[in-house]
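Student: Residues per chain, in single letters:
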Amino acid sequence: MTLTDAATPVRRKLSTAKAMVEAIAQEMERDENVFVLGEDVGAYGGIFSSTTGLLERFGPKRVIDTPISETAFIGTAIGAAVEGLRPIAELMFVDFFGVCMDQIYNHMAKIHYESGGNVKVPMVLTSAVGGGYSDGAQHSQCLWGTFAHLPGMKVVVPSNPADAKGLMTAAIRDDNPVVYLFHKGVMGLPWMVKNPRSIAPVPEGDYEVPIGKAAVARPGTDVTVVTLSLSVHHALDVAEELAPQGIECEVVDLRSLVPLDTDTIVESVARTGRLLVVDEDYLSFGVSGEVIARVAERDPSLLRAPAARVAVPDVPIPYARPLEYAVLPTADRIRRAVLGLVNA
Amino acid sequence: MTLTDAATPVRRKLSTAKAMVEAIAQEMERDENVFVLGEDVGAYGGIFSSTTGLLERFGPKRVIDTPISETAFIGTAIGAAVEGLRPIAELMFVDFFGVCMDQIYNHMAKIHYESGGNVKVPMVLTSAVGGGYSDGAQHSQCLWGTFAHLPGMKVVVPSNPADAKGLMTAAIRDDNPVVYLFHKGVMGLPWMVKNPRSIAPVPEGDYEVPIGKAAVARPGTDVTVVTLSLSVHHALDVAEELAPQGIECEVVDLRSLVPLDTDTIVESVARTGRLLVVDEDYLSFGVSGEVIARVAERDPSLLRAPAARVAVPDVPIPYARPLEYAVLPTADRIRRAVLGLVNA
Amino acid sequence: MEPERRLEAYRTMVLIRTYEEAILREYHADKKPVFDIGAGLVPGEMHLSAGQEPVAAGVCAHLTTEDAVTATHRPHHFAIAHGVNLEKMTAEIFGRATGLGRGRGGHMHLFDPETHFSCSGIIAEGYPPALGQALAFQRRGTDRVAVAVTGEGAANQGAFHESLNLAALWRLPVVFVVEDNDWGISVPRSASTSVTSNAVRAAGYGIPGERVKDNSVEEVHRAAGQAVARARAGEGPSLIEVHTLRLWGHFEGDAQGYRSDLDSVPSRDPLPAYEQQLRADGILDDALVSGISAEAGERVEAAIAFAKQSPEPDPATAADFVFASA
Amino acid sequence: MEPERRLEAYRTMVLIRTYEEAILREYHADKKPVFDIGAGLVPGEMHLSAGQEPVAAGVCAHLTTEDAVTATHRPHHFAIAHGVNLEKMTAEIFGRATGLGRGRGGHMHLFDPETHFSCSGIIAEGYPPALGQALAFQRRGTDRVAVAVTGEGAANQGAFHESLNLAALWRLPVVFVVEDNDWGISVPRSASTSVTSNAVRAAGYGIPGERVKDNSVEEVHRAAGQAVARARAGEGPSLIEVHTLRLWGHFEGDAQGYRSDLDSVPSRDPLPAYEQQLRADGILDDALVSGISAEAGERVEAAIAFAKQSPEPDPATAADFVFASA
Ligand SMILES: Cc1ncc(C[n+]2csc(CCOP(=O)(O)OP(=O)(O)O)c2C)c(N)n1
Ligand SMILES: Cc1ncc(C[n+]2csc(CCOP(=O)(O)OP(=O)(O)O)c2C)c(N)n1
Ligand SMILES: [Mg+2]
Ligand SMILES: [Mg+2]
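Residue numbers (this note's numbering), protein chains in the order written: chain A, 1 to 344; chain E, 1 to 344; chain L, 1 to 326; chain X, 1 to 326.
In case anyone wonders, no lab produced these hints; they're calculated from the structure. Among the hints, a few may not be true.
[Claimed, not checked] With a Cα cut of at most 30 Å, we get these calculated BS3-like pairs of lysine-lysine:
#, chain 1, residue 1, chain 2, residue 2
1, X, Lys31, A, Lys13
2, A, Lys13, A, Lys213
3, X, Lys308, E, Lys120
4, L, Lys31, E, Lys194
5, A, Lys61, X, Lys308
6, E, Lys61, E, Lys120
7, X, Lys213, X, Lys31
8, L, Lys308, E, Lys13
9, A, Lys194, A, Lys13
10, X, Lys308, A, Lys13
11, X, Lys32, A, Lys61
12, L, Lys32, E, Lys194
13, L, Lys32, E, Lys13
14, A, Lys194, X, Lys213
15, L, Lys308, A, Lys120
16, E, Lys194, L, Lys213
[What the hints assert, rightly or not] Now the in silico label distances, taken between C-beta atoms and shown as ranges:
#, chain 1, residue 1, chain 2, residue 2, range
17, X, Ala203, L, Glu8, 33 to 39 Å
18, A, Asp299, L, Glu66, 38 to 44 Å
19, A, Pro201, X, Ser260, 55 to 61 Å
Note that beta-carbon positions come from the ideal geometry of N, C-alpha and C, so glycine has one too.
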């Protein structure tokens with residue numbers, strides 16, 4: 001079933017982390033080829049609880065702690081996938097991609113194409129993204145634009161528990177490499193400020209959220225806010241706050257960057273005439289530019305006001321809180337941008 | 001002096017490769033802190049002739065062949081720059097960035113910021129980019145969008161000999177890390193199809209081409225073609241071809257991606273009302289989207305027709321010539337796009 | 001080595017050499033008078049393996065097509081020795097629709113699921129996926145092994161270290177092969193490697209390491225036999241370094257101006273040496289030699305003919321196979 | 001070791017411990033009752049070095065501030081032992097405008113050009129820049145050295161291998177220090193490293209390698225003395241691995257549920273052990289101990305007070321210092 005099929009209302013609430021783990025566990029039950037490997041995915045349960053309880057349930061042959069050798073263990077996942085296993089490899093922080101990117105983009109992402117479709121690489125690469133808790137320039141980035149730019153891998157970015165589960169299930173079942181980027185701030189961790197929506201109803205059975213389909217997280221008529229991951233919640237907060245003032249934001253949660261759901265974006269902008277992209281990745285040469293370009297190459301006259309962006313302004317993520325929050329896409333910055341658009 | 005200061009006409013012609021080497025040699029003469037390291041930069045002179053003759057002239061202490069250890073030797077350049085040397089490190093093909101990206105984007109690019117400006121990293125990272133000669137998916141990429149997306153490094157992309165020299169001089173003298181990406185197809189190599197403009201007049205003395213300033217390679221009134229590196233020449237070829245038909249393309253050669261010269265782009269589009277971005281990097285989440293977004297966030301009404309892009313359509317670069325030329329931004333594709341724009 | 005196997009090794013080496021000579025011919029055929037790397041029926045970089053036949057022939061003699069081999073930018077000798085379909089491989093090198101990768105891969109990207117063969121153009125980065133293949137073999141309780149190949153230059157890349165450690169730690173059935181041909185493009189081993197033998201590095205991972213000093217298929221065969229047996233027995237990985245010879249340039253078009261050892265190269269060719277040895281031992285005679293040579297020639301020319309007759313891929317399909325369909 | 005230097009080593013260790021205890025206190029002070037990693041005056045990840053003082057004190061005793069040190073995500077002990085300004089360092093950890101990085105770096109990114117100190121949060125990636133510093137020292141004909149530190153977990157990262165090879169090849173004046181505290185977060189050495197000692201890996205680069213088995217500042221001092229002398233004499237790099245102790249969690253907030261050796265940890269604390277030893281040898285007495293402790297306390301509290309009194313950086317300046325201006 002897909003999430004949208006869920007007929008009966010769902011009561012049970014889970015954190016995003018638990019929803020993600022539930023999907024992995026259900027798929028591990030279903031398919032013995034699925035296994036998990038990465039740093040501290042075993043006894044620790046994943047630094048951001050992305051694998052909690054899996055070791056206890058499935059044992060060390062299927063939940064494997066690795067050395068700090070990202071190139072070796074991601075490559076191992078690739079080779080295992082080539083031989084028909086379905087690995088889930090965790091890169092602890094996306095910020096570490098620089099030590100292993102060759103395996104990711106020159107191998108994981110290209111083998112299927114280079115082989116003319118004869119070799120499949122069915123694996124999931126999970127990684128924690130995002131800042132907001134003063135972890136500094138090497139532990140706070142999103143970098144999804146970097147992955148989305150390079151062909152051959154799907155890229156998904158859940159913002160809430162139900163999507164986290166459904167996208168994980170879809171990612172595991174996909175015959176392609178899927179990069180699954182989870183923001184620490186949506187995981188619902190007890191030791192980090194969490195958005196209220198990071199614990200929410202999740203269906204019990206297995207289901208897929210289709211990869212490549214954005215969600216309209218909130219319908220609106222005045223401004224289209226295209227965003228993803230944690231920023232979806234900031235956008236929703238702003239939307240709720242501005243609604244009483246008669247400003248109705250439509251919040252589009254991309255959920256997937258590759259494939260990118262251009263139709264949903266353009267359709268929304270066609271109705272609202274105003275586009276704001278909110279992105280916790282760096283501003284330039286990334287997601288925000290691409291989203292705006294997709295509209296401008298379809299029909300720039302849809303934009304009744306200049307397109308706007310709230311993103312990290314091409315600066316490494318600073319450590320000190322006042323600096324970090326000056327560059328993050330906060331509700332404040334989003335609100336100002338929305339107001340700027342409606343007053344343009 | 002800067003290139004534009006050159007009062008007297010320049011007669012002497014050099015290939016882009018020789019112009020680049022001349023700049024390095026002149027700076028090595030001027031400043032003993034400048035040195036070169038990389039794979040096959042010594043006796044071989046650089047696989048794409050980017051260091052030819054330097055070993056003979058400056059000896060093995062200043063022109064250093066390295067092991068195939070990109071992380072180690074680029075990191076070495078970083079540490080040397082921190083101590084006040086001015087290294088030029090060559091990554092043989094940009095496609096190899098995945099084995100050493102951590103040093104590049106988490107160290108080279110961030111140390112200055114993390115240190116609050118107290119530590120400078122004055123180095124140049126050179127790398128060969130581009131395809132068109134059937135070198136396959138791991139040796140034909142441009143990837144400049146990936147570098148431009150990550151903050152803290154300047155990114156320059158010369159298209160011709162004079163710029164190659166002046167940008168190299170500017171890059172060496174810059175107190176920031178500069179990524180200098182040279183397209184194999186503009187180097188003027190005897191063993192590769194070369195564009196006629198890859199051997200052209202170059203002033204003899206030292207001069208800088210300022211980093212961050214685009215060039216209008218050809219003025220025009222009907223369509224703005226924003227492009228860079230080898231594609232500049234394809235765009236110029238198309239522009240020359242279409243001029244007799246009364247279609248005047250303005251060709252903007254970006255020359256620098258970071259900083260990006262938004263003003264020149266917007267100013268041009270304001271006159272022509274039509275924007276085509278031609279990019280040999282992958283289509284999505286890269287340069288082409290950013291350029292379009294810069295216009296759309298300034299004033300989307302400047303675009304009298306939908307913005308258009310000719311880039312590699314999110315597919316690994318295929319080996320076979322007919323496939324490769326189907327995805328490269330060829331003159332054919334550019335011409336079709338220009339005609340599509342003027343007929344829109 | 002038994003006479004039968006010696007003959008077989010010779011046969012494999014001849015097939016490889018015949019193949020490389022034919023590719024050499026085809027590669028340069030339409031790049032005259034001016035060499036243009038992108039021109040002709042076989043464009044692009046071309047790294048030929050002539051001189052390194054003993055390594056591939058010696059190692060692969062111990063393998064079946066159930067075992068995996070990951071090779072490098074210089075992959076032909078291992079592909080041939082491992083039994084990759086010659087026609088499909090050649091068609092790929094010619095960029096044809098009938099090739100292993102439907103023309104998308106090229107000579108550095110030969111993927112053959114039937115023989116679990118693959119290669120990569122990124123230095124040492126072929127090692128890690130080999131671990132994964134070995135892991136899959138191990139988990140399934142088979143005695144299949146994965147062979148991972150690099151050059152001596154590549155042994156200074158981080159992936160080498162990580163792979164040896166991980167394989168040793170998990171006792172994966174891997175045989176690491178280092179082809180030491182003295183050069184990494186223009187850089188001699190002495191300028192790339194801080195030790196004179198990569199075999200000593202094996203001790204840093206607690207695994208056996210051996211340097212085969214001669215470019216001898218029989219010595220390689222012996223060392224590889226031990227390593228493969230160890231891997232099949234579940235005792236984990238081993239490293240074998242072979243001091244071999246790059247008979248030609250790094251890639252075609254390489255003038256080798258830097259190459260200090262150039263004069264002595266022809267005299268070190270392992271193929272005539274082995275032929276002589278087998279003749280001396282009464283295993284080869286004129287008739288056999290010309291028979292083997294003729295057979296190799298026929299197979300190779302048939303593969304080249306197949307490639308040339310095959311259709312080029314349709315440009316309209318360039319974007320196919322980026323993703324697998326569901 | 002001479003009494004004077006033993007006392008000095010003790011003093012350094014006490015200063016480090018006092019500092020870490022103070023940061024521990026400040027870090028948790030405003031994260032109660034519910035631990036929130038992003039809250040309080042000192043937010044973010046916090047990796048404290050208590051238990052590893054002998055390594056820093058023993059190594060840095062041989063250095064001047066002309067020498068370079070690159071440390072890890074767990075950098076305080078080396079920063080202090082190397083003489084980084086305590087106030088500026090603390091201000092950085094508190095994210096203040098007066099900090100080493102004007103609040104932009106944080107505890108994992110301490111850069112001090114005055115003492116050539118730096119660190120990085122990416123495992124093993126602090127090694128390569130140390131080579132460059134050493135290269136600069138070498139080219140300038142000085143006898144300055146660069147010390148590069150990692151944990152035992154990091155020694156399985158590719159950068160480790162590449163750095164050792166390059167440094168050995170170019171005879172760079174580098175001392176590689178591996179702090180083996182048995183754990184890489186929750187992963188014990190036995191699950192990360194295929195050999196029981198990283199010192200054996202030194203042979204793979206033709207450089208001296210020594211494992212200091214005790215967490216003893218004097219043993220470290222001895223081994224480091226040889227390595228530093230060798231580097232200063234132009235004889236190239238060495239590797240020293242010290243079997244040390246992570247007294248606390250990997251980072252603050254780490255419940256250490258995975259930690260099988262937890263019970264024995266307190267009894268292995270090197271600081272009281274060294275104090276006892278020096279008392280037994282008549283080098284320390286009550287008065288000296290309390291004097292040293294008081295002095296350390298004063299210095300540390302002064303640094304913390306400086307940090308707390310310093311202004312926060314102005315949010316309007318967040319984008320400053322991405323690029324150096326001409
Ligand atoms: C990571 C990386 N760096 C550099 C290169 C460029 N390159 C291709 S082959 C080669 C030399 C390889 O030498 P070696 O490993 O000894 O293999 P050989 O060519 O001698 O067979 C180099 C530097 C590459 N392909 N990948
Ligand atoms: C490349 C990279 N991978 C993973 C991490 C996450 N990480 C931070 S510290 C650590 C453990 C390090 O262990 P060790 O090297 O032994 O140092 P210790 O923490 O014990 O001092 C890990 C895995 C990282 N920072 N960088
Ligand atoms: Mg070699
Ligand atoms: Mg440790």
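Student: Determine for every hint whether it applies to the structure shown.
Tutor: Going down the list of hints, with the structure as the test:
{"no.": "1", "hint": "X:Lys31 <-> A:Lys13", "verdict": "27 Å, holds"}
{"no.": "2", "hint": "A:Lys13 <-> A:Lys213", "verdict": "23 Å, holds"}
{"no.": "3", "hint": "X:Lys308 <-> E:Lys120", "verdict": "28 Å, holds"}
{"no.": "4", "hint": "L:Lys31 <-> E:Lys194", "verdict": "15 Å, holds"}
{"no.": "5", "hint": "A:Lys61 <-> X:Lys308", "verdict": "49 Å, violated"}
{"no.": "6", "hint": "E:Lys61 <-> E:Lys120", "verdict": "23 Å, holds"}
{"no.": "7", "hint": "X:Lys213 <-> X:Lys31", "verdict": "37 Å, violated"}
{"no.": "8", "hint": "L:Lys308 <-> E:Lys13", "verdict": "41 Å, violated"}
{"no.": "9", "hint": "A:Lys194 <-> A:Lys13", "verdict": "15 Å, holds"}
{"no.": "10", "hint": "X:Lys308 <-> A:Lys13", "verdict": "41 Å, violated"}
{"no.": "11", "hint": "X:Lys32 <-> A:Lys61", "verdict": "38 Å, violated"}
{"no.": "12", "hint": "L:Lys32 <-> E:Lys194", "verdict": "16 Å, holds"}
{"no.": "13", "hint": "L:Lys32 <-> E:Lys13", "verdict": "26 Å, holds"}
{"no.": "14", "hint": "A:Lys194 <-> X:Lys213", "verdict": "44 Å, violated"}
{"no.": "15", "hint": "L:Lys308 <-> A:Lys120", "verdict": "28 Å, holds"}
{"no.": "16", "hint": "E:Lys194 <-> L:Lys213", "verdict": "44 Å, violated"}
{"no.": "17", "hint": "X:Ala203 <-> L:Glu8: 33 to 39 Å", "verdict": "38 Å, holds"}
{"no.": "18", "hint": "A:Asp299 <-> L:Glu66: 38 to 44 Å", "verdict": "56 Å, violated"}
{"no.": "19", "hint": "A:Pro201 <-> X:Ser260: 55 to 61 Å", "verdict": "39 Å, violated"}
In summary, the numbered hints that this structure violates are 5, 7, 8, 10, 11, 14, 16, 18, 19.
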